[in-house]
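All chains should be built: construct the whole structure from the sequences, respecting the hints.
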Amino acid sequence: MEASSFYAGKRVVVTGAGGFIGSHLVEALVREGANVRALVRYTSSSQRGHLDRVPSSVLGHVEVVLGNVEDAAGVRKLVRGADVVFHLAALIGIPYSYVAPHQYVATNVSGTLNVLEAAREYGARVVHTSTSETYGSARYAPIDEAHPLTGQSPYSATKIGADKLAESYFLSFGTPVATIRPFNTYGPRQSSRAFIPSVMKQLAAGRDVVRVGSTRPKRDLNFVDDTVAGFLAVGASDRALGQVINVGSGRTISMGELAELIFEVSGKPARLETDDARVRPDASEVELLLADCRKAKELVGYEPRVTLEEGLQKTWAYVLERIADYRPDEYAI
Numbered sequence: 001m002e003a004s005s006f007y008a009g010k011r012v013v014v015t016g017a018g019g020f021i022g023s024h025l026v027e028a029l030v031r032e033g034a035n036v037r038a039l040v041r042y043t044s045s046s047q048r049g050h051l052d053r054v055p056s057s058v059l060g061h062v063e064v065v066l067g068n069v070e071d072a073a074g075v076r077k078l079v080r081g082a083d084v085v086f087h088l089a090a091l092i093g094i095p096y097s098y099v100a101p102h103q104y105v106a107t108n109v110s111g112t113l114n115v116l117e118a119a120r121e122y123g124a125r126v127v128h129t130s131t132s133e134t135y136g137s138a139r140y141a142p143i144d145e146a147h148p149l150t151g152q153s154p155y156s157a158t159k160i161g162a163d164k165l166a167e168s169y170f171l172s173f174g175t176p177v178a179t180i181r182p183f184n185t186y187g188p189r190q191s192s193r194a195f196i197p198s199v200m201k202q203l204a205a206g207r208d209v210v211r212v213g214s215t216r217p218k219r220d221l222n223f224v225d226d227t228v229a230g231f232l233a234v235g236a237s238d239r240a241l242g243q244v245i246n247v248g249s250g251r252t253i254s255m256g257e258l259a260e261l262i263f264e265v266s267g268k269p270a271r272l273e274t275d276d277a278r279v280r281p282d283a284s285e286v287e288l289l290l291a292d293c294r295k296a297k298e299l300v301g302y303e304p305r306v307t308l309e310e311g312l313q314k315t316w317a318y319v320l321e322r323i324a325d326y327r328p329d330e331y332a333i
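Take the sequence shown: its position 169, counted from the start at 1, is 169 in UniProt numbering, and no numbers get skipped.
Keep in mind that the hints were calculated from the coordinates and are not lab data. Here a beta-carbon is modelled for each residue, glycine too, at the ideal position from N, C-alpha and C. Incorrect hints may have been included.
What follows is a set of in silico ranges between Cβ atoms, one per label pair, in the way DEER data are often shown [claimed, not checked]:
id, residue 1, residue 2, range
1, Arg139, Ser56, 44 to 54 Å
2, Pro269, Arg80, 46 to 56 Å
3, Tyr98, Asp238, 35 to 45 Å
4, Ala324, Val65, 20 to 30 Å
5, Arg80, Glu273, 21 to 31 Å
6, Val99, Ser5, 38 to 48 Å
7, Glu63, Glu298, 19 to 29 Å
8, Lys164, Glu257, 43 to 53 Å
9, Ser5, Arg294, 37 to 47 Å
Computed list of lysine-lysine pairs in DSS-like fashion (alpha-carbon distance at most 25 Å, straight line) [claimed, not checked]:
id, residue 1, residue 2
10, Lys268, Lys218
11, Lys164, Lys268
12, Lys218, Lys77
13, Lys77, Lys10
14, Lys268, Lys297
15, Lys164, Lys295
16, Lys297, Lys218
17, Lys164, Lys314
Given below as structure tokens:
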């Protein structure tokens, strides 16, 4: 079944809807005709994260709920009546996981348990969001879904735990769960803690010396529109249930090479300088990520469409447009 026909009229919940990927997914679901309920982490200011940057013509069709996946009762209320739950809510900053590992367990593991319990009770289909960081440094490449999992950071360890909970609910209770494992997604609205917007905001501010972490690691970078297409395809597929499915570009590039490509796309040459505060501990650094997406193509018909060069151009245009939102001298963990 085509994703577009699957979602029309469906009641769909998105946790982590105020985040980078979540906000783009909400937009796509509204375009597909879904009735969307979007969970955004509660703050006293009632801000809705990146949903505040979604066009009002789209957001007017979304029921925004302020809450927290760590609140089991709130999650049950959120999921009641839903056909599909896209579970994206998570703490994702790797450097901050070294600082606050207990909070990562509470959000990423316990929060996922709450979503699974609610889905089990109400019969909702769940698309659980994993991460390529669960693989650790590649023992072989490209990385398929059978690759061993390695907790090289507290963040990746909590995501492995959440993935295994999702697997257990499918095997133990028959809860209809599919796990999507995105590789490094980038694009408009991404936090400036990430490599691409961090480099771009420094260039946009006129810096001729750009401060970065390690330039050695290689990453598989996927434009956000392609990642969202993967979510929609996995959520619409019965064949995806009980499966873990990689979503990436199938291309890898080192951080140093990526920075040079950003300089080229932006038309702003600069010099790289290593900032020790941005470098992971040696044993925690993941050196290579490269997705094997054959399973995604075979099971759900997924194929990336946006080249890295095209995606960087779109991201650069966004950063220039919203440079006032960025603080070039600040490194966010």
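To see whether the hints hold, each was checked on the structure:
Hint check: Arg139 to Ser56, Cβ distance near 48 Å, so the stated range 44 to 54 Å holds. About 55 Å separates the C-beta atoms of Pro269 and Arg80, a value consistent with the hinted range of 46 to 56 Å. The supplied range of 35 to 45 Å is met by Tyr98 and Asp238, whose beta-carbon atoms lie about 40 Å from each other. Remark: the range hint 20 to 30 Å for Ala324 to Val65 is upheld by a beta-carbon distance near 29 Å.
Against the hinted window of 21 to 31 Å, the Cβ-Cβ separation of Arg80 and Glu273 comes to about 52 Å, which falls outside the hint. About 45 Å separates the C-beta atoms of Val99 and Ser5, a value consistent with the hinted range of 38 to 48 Å. Taking 19 to 29 Å as the suggested C-beta distance range, the pair Glu63 and Glu298 does not conform, at roughly 35 Å. Distance hint for Lys164 and Glu257: a CB-CB separation of about 34 Å, inconsistent with the stated range 43 to 53 Å.
About 25 Å separates the C-beta atoms of Ser5 and Arg294, a value inconsistent with the hinted range of 37 to 47 Å. With a C-alpha separation of about 23 Å, the suggested pair Lys268 and Lys218 falls inside the 25 Å cut-off, and the hint holds. For the suggested pair Lys164 and Lys268, the alpha carbons sit about 44 Å apart, so the restraint of at most 25 Å is broken. At roughly 42 Å between alpha-carbon atoms, Lys218 and Lys77 are farther apart than 25 Å, so this suggested pair is violated.
For the hint pairing Lys77 with Lys10, the CA-to-CA distance comes to about 17 Å; that is within 25 Å, so the pair holds. Only pairs whose Cα atoms come within 25 Å are accepted, and Lys268 paired with Lys297 is rejected, the gap being roughly 37 Å. At roughly 19 Å between alpha-carbon atoms, Lys164 and Lys295 fall within 25 Å of each other, so this suggested pair holds. Of the supplied pair hints, the one linking Lys297 and Lys218 holds, its CA atoms being roughly 23 Å apart against a limit of 25 Å.
At roughly 36 Å between alpha-carbon atoms, Lys164 and Lys314 are farther apart than 25 Å, so this suggested pair is violated.
Hint compliance for this structure: hints 5, 7, 8, 9, 11, 12, 14, 17 are broken, all remaining hints hold.
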